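Please build the complete structure, drawing on both the sequences and the hints.
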Amino acid sequence: MKNILNYSYYPGCSLHASAQEYEASTRGLFKALKIGLHEVPDWFCCGATPAHNVDELLSLALCAKNLSLAENVAGDLAVACAACFSRLKTTQHRLIDNDAKRQQVEKAIDGPVPLGKKVKHLLEILARDYGLERLQSAVQKPLAGLKVACYYGCLLTRPPEVPELDDCEAPTIMEEVLKATGAEPVSWSHRMECCGANFTLSRPGVVLKLSGDILASAKAAGADCIMVACPLCHGNLDIRQGGIEQASGTRFDLPVFYITQLLALACGVSTERLGLESMIVSPMPLLREKSLL
Amino acid sequence: MSRIGVFVCHCGENISRTVDVERVAQAAARLPGVAYATDYKYMCSDPGQSLLKKAIAEHNLDGVVVAACSPRMHEKTFRKAAEATGLNPFVCEMANIREHCSWVHEDREEATAKAIDIVKLMAARVRRNRRLAAITVPVTKRALVIGGGIAGIQAALDIADAGHEVVLVEREPSIGGHMAQLSETFPTLDCSQCIMTPKMVDVANHPKITLHTYSEIEEVGGYIGNFQVTVRKKARSVDMAKCTGCGVCMAKCPQKKIPNAFDKDMGTRPAIYVPFPQAVPNTPVIDRENCTYFKSGKCGVCAKVCGPCAVDYTQQDELVTEQIGAIVVATGFDLYSIEPKPADSPIQGYGEFGYGTIPDVIDGMTFERLASASGPTGGKILRPSDGKEPKEVVFIQCVGSRAREKGISYCSKICCMYTAKHTMLYKHKVHDGQAYVFFMDARTPGKNYDEFWRRAIEEEEAVYIRGMVSRLYQKGDKVVVMGSDISVGIQVEIEADLVVLATAVQARKGADTLAQKLGISYDKYNFYSEAHAKLKPVECATAGIYLAGACQGPKDIPDTVSQASAAAAKVMTLFAKDQLEREPIVARVNERFCAACFACKKVCPYGAVEEKEIRDRQGNLIRVVASVNPGVCGGCGTCQATCPSKSVELDGYTDEQVMAMIEAL
Amino acid sequence: MQKTITEQNLRALIDLLVKKGTRVVGPRRAGSITLYEPLASGGELILGELPRRSAKEAFFPLCENILSFEKTTEGVKVADVDPSQFPETVIVGARPCDAAAPGILDAVFSWDYKDKFYLERRRKTTIIGLACTSCDDACFCTSVGLSPADPRGSDLFLTPLEGGGYACEAVTEKGEKLLAEFPQLFTDAEAAKALPQAEPAGEKLDLARIKSWLDGNFENPLWAEISERCAGCGACAFVCPACHCFDIVDEGGETKGCRRKSWDACGFGKFTNHASGHNPRDAQPKRYRNRIMHKFKYYDDKFGKTLCTGCGRCIRACPVGIDIAAVLEEISKK
Amino acid sequence: MIDLAKKIEAPATIDITAYAGATEAIRAEAAKLLTEGAVAAVIGYIPGRRNGTAIPAIVTSPEKAQELIFSPACVNNLALYLTRAKKEVKGKGRLAVVAKGCDMRALAGLMGESQLKREDVVIIGVACAGVYGSGADRDAPLAEKNIARKCRECRVHAPEGADVVAGSLPPLPEFSPVEAEELARLEAMTPAARWAFWKEHFSRCIRCMACRSLCPFCYCEQCICDRNRPQAVEATPRPAGNMAWHIVRAMHLAGRCAGCAECERACPMDIPLNLLNRKMARELKELYGHEAGLEPKEKGPLNEYREDDDQSFIK
Amino acid sequence: MHAAHKNHDFEPKIAAFVCTWCTYAGADLAGTSRMQYPPNVRVLKFPCTGRIDPVFILRAFQKGADGVLVSGCHPGDCHYMAGNFHARRRFAAFRQLLDFVGVDLNRLQFSWVSAAEGGKWVEVVTGLTERVRSMGPMREFKELELEEQWSGKVDTPELQEAYEAIS
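Protein chains in written order, with the working numbering: chain G, 96 to 388; chain R, 46 to 710; chain B, 165 to 498; chain C, 115 to 429; chain A, 71 to 237.
Take these hints with a grain of salt, some might be off.
Not the full set, but computed from the structure, chain A residues with beta-carbon under 10 Å of chain B [as the list claims (entries may be wrong)]:
(1) Lys133
(2) Asn176
(3) Arg209
(4) Glu218
(5) Trp220
(6) Ser221
(7) Gly222
(8) Val224
DSS-like, lysine-lysine: derived pairs with alpha carbons at most 25 Å apart [as the list claims (entries may be wrong)]:
(9) Lys190/A - Lys420/B
(10) Lys340/R - Lys301/R
(11) Lys425/R - Lys472/R
(12) Lys231/C - Lys411/C
(13) Lys98/R - Lys121/R
(14) Lys523/R - Lys314/G
(15) Lys302/R - Lys340/R
(16) Lys429/C - Lys190/A
(17) Lys183/B - Lys223/A
(18) Lys223/A - Lys429/C
(19) Lys569/R - Lys413/C
(20) Lys436/R - Lys472/R
(21) Lys190/A - Lys579/R
(22) Lys201/C - Lys450/B
(23) Lys434/B - Lys413/C
(24) Lys420/B - Lys133/A
(25) Lys433/R - Lys458/R
(26) Lys461/B - Lys375/B
(27) Lys313/C - Lys212/A
(28) Lys201/C - Lys657/R
Keep in mind the hints are simulated off the structure, nothing from the lab. Since this is a predicted model, take the numbers as computed values, not measurements. No residue lacks a Cβ here, since even glycine has one placed at the ideal position from N, Cα and C.
What follows is the structure in structure tokens.
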């Protein structure tokens with residue numbers, strides 16, 4: 096059967112490691128929706144946060160090379176990880192009107208930088224290309240009664256001029272996608288706050304505070320769970336949740352889903368393919384309670 | 046001109062040091078059309094000018110070239126001297142052999158040769174100069190002031206006090222504008238209404254002022270001294286002539302729950318209302334959208350209770366045409382509102398501040414109404430959500446202003462000062478309260494301004510935090526303010542009871558539409574453009590239209606009043622003469638050859654080109670041609686360079702003059 | 165005995181004339197077209213094409229200075245052009261319709277005022293005519309009484325022969341002189357058969373009849389009908405061998421300049437524009453009428469000649485397709 | 115089996131039988147308009163005396179309308195007759211005009227310049243595959259050899275915005291864009307070589323003013339070159355004045371010329387005048403994104419501006 | 071004290087078309103500041119660059135200018151608000167045309183010189199003068215001016231002499 100849409104696909108390192116459930120659910124969901132994902136052969140690290148802190152040229156060249164590899168695969172480039180998405184978009188943005196820099200990078204990667212290749216986050220593909228209406232009609236098992244705190248983190252919409260995904264400070268795209276599944280997004284304050292990100296290793300205290308605030312805010316807003324689109328945020332909110340509970344003395348018990356997990360669940364993808372078991376805060380009790388299993 | 050006199054000036058030694066002036070005079074004498082040439086030590090001196098006058102008379106000269114300094118220096122001097130002998134001043138030109146020659150060259154031979162060439166160019170030009178007569182335009186000594194805020198009121202009163210008639214047009218049912226809404230004003234903390242209302246009454250009572258409230262500008266035609274302005278007087282549903290302003294209708298109106306915009310929707314008003322008790326005129330207006338009678342045809346209470354029978358439900362909009370000589374635009378500003386961004390606006394909203402969904406996040410004008418003794422709380426600071434007195438108030442400056450990423454790059458100028466004022470007013474009313482201010486910079490240039498700001502901090506104990514706020518969110522009954530204090534480099538979180546946003550000053554909605562009617566220009570933010578930032582700050586490029594107040598850019602009250610008086614002074618200058626006289630360097634259309642493509646009209650920065658119909662004696666239209674209104678023409682000559690057939694010519698710079706100079710190169 | 169000349173010798177003749185300092189004018193390639201222009205050598209001569217402009221400019225230049233002036237402190241100095249400076253000229257390869265034209269124009273240039281510019285050039289010019297063996301659908305010389313082999317106006321007339329070469333007929337003394345000057349180039353030969361001459365398609369027109377109609381129809385709706393499509397350019401007049409109107413203007417600066425004479429055309433709106441702004445021929449039909457009247461009536465009235473040689477250039481050049489042959493045909497049917 | 119490759123191959127010549135359909139449609143429409151009295155005259159083409167020629171005609175009766183034709187010989191841009199330069203025609207009343215796609219662009223330009231009101235003219239558009247070049251073989255089928263240069267690069271075969279469209283388009287061959295190639299060739303030359311090129315061409319100019327007279331945009335009441343006080347351009351056909359004249363004309367048409375190439379066609383001296391106009395059109399498109407005559411525009415590129423216009427050439 | 075005065079074989083004639091409000095005033099400032107620049111420039115004053123017709127440039131070249139300068143107010147400074155904006159477009163187009171007919175654009179300069187930029191005026195005039203001097207005389211238009219149609223040509227010794235004088 097023919098796919099409705101086809102994309103080249105850049106999973107990024109996390110999806111092949113700590114965020115395997117993101118990868119699995121993404122593939123499951125996209126298969127169910129008949130959206131083709133064709134992994135870019137020989138892709139490698141986007142450089143993530145460390146690279147651009149060390150060497151701008153390196154960070155740009157890494158992404159530029161990945162973009163040029165992606166040129167071998169037809170279709171816009173689908174990216175799941177918010178950080179990879181940010182880096183790839185930033186690279187195009189930096190080079191598009193800086194000829195000098197572009198020439199430098201082109202020299203480094205020994206080829207042209209495909210500035211025209213469209214880089215799209217999964218959210219954009221689902222909400223815009225595939226469309227909310229179509230998404231809604233693909234839902235087989237509405238997630239009725241599930242209250243979800245949609246958490247954007249930092250990189251999906253910032254800085255304002257780069258991602259072009261949604262309003263920089265008041266985005267709604269996650270809520271819109273979520274609503275298509277029948278779940279209920281809660282209105283809460285910490286949708287855009289930093290989770291602490293990489294400090295999770297170097298200064299865990301910072302993460303305990305920042306992610307703790309996020310969890311507390313979600314809980315206060317009445318959320319049953321949190322939905323994220325970034326492996327790093329997921330790590331801090333899910334893996335660190337126990338530590339946060341310990342430090343703050345508050346019990347949250349908020350499972351942290353990837354967008355694709357909830358969507359795939361709603362679209363009837365087998366729960367075995369969603370990697371639910373690899374979540375530290377088990378979603379099973381919640382899903383059972385809401386009769387979603 | 047065929048009998049030209051050339052007068053070569055030594056300028057002491059300024060010219061003669063490097064230019065052989067005698068030789069220049071000798072060469073000039075041999076030029077075609079030159080009947081007389083001489084040189085003199087100081088042409089601009091009295092004896093020099095006498096020499097010029099004498100030579101004109103003796104040699105029957107009909108054109109003059111003074112080879113001396115820059116025309117920017119002495120052109121007027123010599124033209125006047127020539128005029129004194131009966132010559133037309135525009136046949137006198139200067140050849141600049143000082144700034145453009147003797148001062149910039151050292152080699153005497155070269156400088157002399159160049160000076161001769163310069164004289165040759167100017168002589169060739171003067172041969173083709175035409176005698177130009179000064180242009181006069183009749184002036185209707187009647188001014189239109191658009192906008193009845195403090196700027197409009199000030200301008201109207203100044204002009205009327207000078208004895209000229211003024212038509213003041215205000216969109217709202219009452220004059221007063223933003224200033225009438227304010228509680229107290231910086232830096233003196235005097236009561237705004239106390240200083241404002243007497244002026245409003247002066248306007249109402251002034252015999253020279255015709256006041257059109259609840260009215261808008263429909264159409265503007267004409268030009269400086271001769272505008273025709275049509276004013277739409279919106280149907281008030283109350284006969285102004287009959288109404289005594291007793292207020293019974295308002296008291297009896299059964300529909301009383303309409304949010305009062307004057308109080309920023311915090312209070313309510315009836316459907317027949319005056320915006321505020323001191324309104325001028327004190328005649329109510331029926332808000333037809335909310336009136337039960339207009340909605341359902343039932344009710345009619347106000348008409349029944351009105352003693353003088355002033356209520357008239359059948360009233361229609363009325364168009365009034367006024368003959369006007371000068372226009373002062375004083376339409377003021379709007380405040381930026383924290384709402385989701387409108388679809389067509391280039392300006393981004395403030396999603397991080399909750400788009401105004403948190404009830405205890407208010408703007409500065411709302412705070413003014415809270416603090417105002419005549420406001421909805423009677424001057425008590427009570428927060429909108431639950432009417433409690435807020436103990437911790439956070440003020441955030443530069444909301445919308447100086448935010449390039451949000452689409453506005455300018456500084457709104459007044460927020461630093463009014464925020465400081467707010468902290469003081471707050472402290473005066475809530476003694477145990479604490480005010481915090483997030484600010485980028487405190488801009489306090491102005492008499493007693495910085496002292497005022499310092500007082501807010503030092504005496505009224507406002508805590509100023511340098512940094513911006515990243516997010517506001519409701520937490521219980523508090524509003525959490527997350528910000529940064531960049532002076533110490535830490536993140537700050539304040540759980541406030543009330544947050545006041547100093548939102549940006551923006552151009553009035555619809556400012557562009559009015560500008561198009563007036564034919565004036567505006568910047569990308571829709572603020573009206575002055576003709577010159579420094580030298581013509583209150584004039585529009587369109588002659589006869591002047592700017593006052595915040596419609597031209599953010600301004601505080603003292604600046605607004607000063608500009609209003611300046612605009613009034615400009616109007617009075619214009620009205621000081623019966624006829625407007627101007628330099629006759631204007632474009633003229635040769636109607637015989639005009640092909641009516643109107644390229645000239647398209648390029649004219651002044652809108653001076655009109656389409657003129659030529660009719661025969663029976664009134665049949667023969668053809669249409671371009672026509673330049675000399676009263677409006679600025680004299681740039683862009684039309685002539687654009688006209689393919691050169692059927693429009695700029696007097697003083699005709700092609701014939703220019704070509705003669707090129708010929709003489 | 166008839167003289168003949170080979171094509172090679174014809175070109176050699178040009179070379180010899182050029183060498184001697186004579187200006188030789190003949191059809192020559194000019195960009196993408198052919199024009200009568202001075203030839204640098206015989207090789208440049210183009211045979212078999214009718215040049216875009218007629219040969220009249222050899223006597224009546226497109227533009228010439230007639231005097232120059234200079235203002236000085238001592239007064240105005242005027243320098244006349246000295247016609248004796250005009251070069252001796254031979255026109256080679258003039259077609260009958262071009263060769264016939266000067267003969268017609270002589271009348272107007274030597275009438276009450278003797279135009280020394282024209283006459284001096286005319287005196288110094290020898291015309292070597294060339295018969296036409298081909299024509300196109302615009303040619304109509306036969307309609308106006310000429311023919312593709314008419315030697316009128318030529319001093320020496322060449323007729324192409326079968327198998328190459330030309331029969332030479334000395335029509336005037338100038339022609340004989342030329343034959344005598346370069347005897348080595350001409351051969352006495354048994355005349356080979358002349359190539360058949362071209363046959364323009366048009367019927368012979370009754371010029372007298374046309375003229376008599378013109379005599380009585382200064383006002384006639386026909387003028388508007390023909391010329392409402394006329395765009396008012398001067399292409400017809402400028403390519404015409406017989407049109408001879410000119411304008412005189414002063415050009416240059418205030419202190420120095422030239423008085424120049426250049427071609428003008430009665431089709432131009434400004435042609436009869438008075439200084440007052442009044443224009444007696446204020447509409448195109450009046451101007452077009454003048455063109456026909458001048459050619460077929462006025463000139464005939466005055467000089468007994470028709471001012472048209474049927475070259476067809478105006479028909480080819482008219483950008484709006486006005487066809488003088490068709491106009492004449494229509495008039496002759498009235 | 116059908117040879118697909120052969121089928122999709124563009125034809126080498128244009129099938130001019132399609133023009134017959136246009137002729138029929140024009141006659142019918144013209145007769146209708148004239149019978150109804152909707153127009154005082156129809157400006158169209160009728161056959162010329164010579165075979166394969168067509169000339170402009172101003173037709174005022176339905177009978178005469180039956181003489182109207184459309185053929186590859188219909189080269190004229192009839193927009194000319196709607197300008198003020200042709201007052202006699204304009205004075206007749208409301209007019210209908212037969213217009214090819216290229217002529218439509220001139221009409222749009224004239225409307226933008228207040229010379230013509232859309233409601234004052236009925237436009238009988240005609241689908242045109244191309245017309246003969248000047249001096250072309252009028253007997254041969256319309257092909258690369260004899261088609262007008264402008265038609266080789268035509269992008270407006272089907273007129274847009276006409277009141278009715280007569281005829282339909284036959285399959286169109288691909289022609290090499292000679293004007294674009296010539297432009298590129300000239301641009302690649304040194305300035306000195308370009309000067310020599312134009313000098314040679316302009317020196318042939320005889321100032322017959324056919325270029326001006328045929329141009330729909332040369333409708334000035336008095337041309338600048340007819341003025342002598344001051345004299346901006348010499349009136350005599352000398353090389354200096356010729357050069358100035360053609361430079362001034364190109365400048366005056368810049369941003370206005372819609373590319374009908376009538377100047378070039380009318381030139382009896384074969385001066386490639388349209389090259390100048392094409393050059394200016396291209397520069398203005400590159401600089402300001404302006405294309406003349408696609409639709410009536412209020413302002414041309416040289417009578418409007420943007421504050422951020424390119425000024426890299428200003429030092 | 072003075073820079074050694076150089077004699078050049080060729081002194082170009084430079085025509086400067088300037089607006090009165092900015093560049094003319096800028097040139098005045100150069101004068102009052104006693105700056106020095108080559109004397110080759112002849113200034114023609116206009117109210118605004120908007121008044122400057124491309125024909126003037128053409129005419130200047132025809133009448134013997136070897137270089138032409140057009141200079142006015144910086145964008146946004148126009149005394150008449152928009153004259154220089156219109157001029158900018160006009161000259162952007164005109165220079166392309168001149169280039170296309172083969173005029174070397176090095177002879178034609180456009181500048182913005184404000185009333186405060188006396189120094190820039192000196193720089194611009196000096197630069198243009200030196201550049202044009204190194205290019206030699208502008209022959210194209212002058213040669214053309216002397217050319218006649220073949221039929222009207224009279225090879226008088228005077229004309230011949232004049233013709234030779236220009237090369």
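Right, here's what the structure says about each hint:
Among the interface hints, the one on Lys133/A holds; its C-beta lies about 8 Å from the nearest C-beta in chain B, closer than the 10 Å criterion. Interface restraint check: Asn176/A against chain B, minimum CB-CB distance 27 Å, threshold 10 Å, status violated. A hinted interface residue such as Arg209/A counts as satisfied when its beta carbon comes closer than 10 Å to some beta carbon of chain B; here the least separation is about 19 Å, so the hint is violated. The interface hint given for Glu218/A holds, since its Cβ lies 7 Å from the closest Cβ of chain B, which is under the 10 Å cut-off.
A distance limit of 10 Å between C-beta atoms decides the matter here; for Trp220/A the minimum to chain B is near 5 Å, and the interface restraint holds. Below 10 Å, beta-carbon pairs count as interface contacts, and Ser221/A has one with chain B at about 3 Å; its hint therefore holds. With 10 Å as the threshold, the beta carbon of Gly222/A comes within range of chain B, its nearest partner Cβ sitting at about 3 Å, so the hint holds. Because the closest C-beta pair between Val224/A and chain B is about 5 Å apart, less than 10 Å, the hint holds.
For the proposed pair Lys190/A and Lys420/B, the alpha carbon gap of about 37 Å is over 25 Å, so the pair is violated. A C-alpha spacing of about 15 Å is found between Lys340/R and Lys301/R, which places the hinted pair at or below 25 Å, so the restraint holds. For a cut-off of 25 Å, the pair hint linking Lys425/R to Lys472/R stands: about 12 Å separates their Cα positions. With a CA separation close to 13 Å, the supplied pair Lys231/C and Lys411/C stays within the 25 Å bound.
For the given pair, Lys98/R sits about 15 Å from Lys121/R by alpha-carbon distance, which is consistent with the 25 Å threshold. About 17 Å separates the Cα atoms of Lys523/R and Lys314/G, which keeps this hinted pair within 25 Å; it holds. For a cut-off of 25 Å, the pair hint linking Lys302/R to Lys340/R stands: about 15 Å separates their Cα positions. At roughly 10 Å between alpha-carbon atoms, Lys429/C and Lys190/A fall within 25 Å of each other, so this suggested pair holds.
Only pairs whose Cα atoms come within 25 Å are accepted, and Lys183/B paired with Lys223/A is accepted, the gap being roughly 19 Å. Pair hint Lys223/A plus Lys429/C does not hold up; C-alpha atoms about 43 Å apart against a cutoff of 25 Å. This hinted pair checks out: Lys569/R and Lys413/C have alpha carbons roughly 21 Å apart, not beyond 25 Å. Annotation: proposed proximity of Lys436/R to Lys472/R holds, straight-line Cα distance about 10 Å (limit 25 Å).
Restraint check for Lys190/A and Lys579/R: the C-alpha separation of about 23 Å stays at or below 25 Å, so the hint holds. In summary, the hint linking Lys201/C to Lys450/B is supported, as the alpha carbons are separated by about 14 Å, within the 25 Å threshold. A distance of roughly 31 Å separates the Cα atoms of Lys434/B and Lys413/C; the hinted pair therefore is violated under the 25 Å criterion. A distance of roughly 12 Å separates the Cα atoms of Lys420/B and Lys133/A; the hinted pair therefore holds under the 25 Å criterion.
With a C-alpha separation of about 31 Å, the suggested pairing of Lys433/R with Lys458/R is violated against the 25 Å cut-off. At roughly 6 Å between alpha-carbon atoms, Lys461/B and Lys375/B fall within 25 Å of each other, so this suggested pair holds. This hinted pair checks out: Lys313/C and Lys212/A have alpha carbons roughly 13 Å apart, not beyond 25 Å. For the hint pairing Lys201/C with Lys657/R, the CA-to-CA distance comes to about 19 Å; that is within 25 Å, so the pair holds.
The earlier numbered hints that this structure contradicts are 2, 3, 9, 18, 23, 25.
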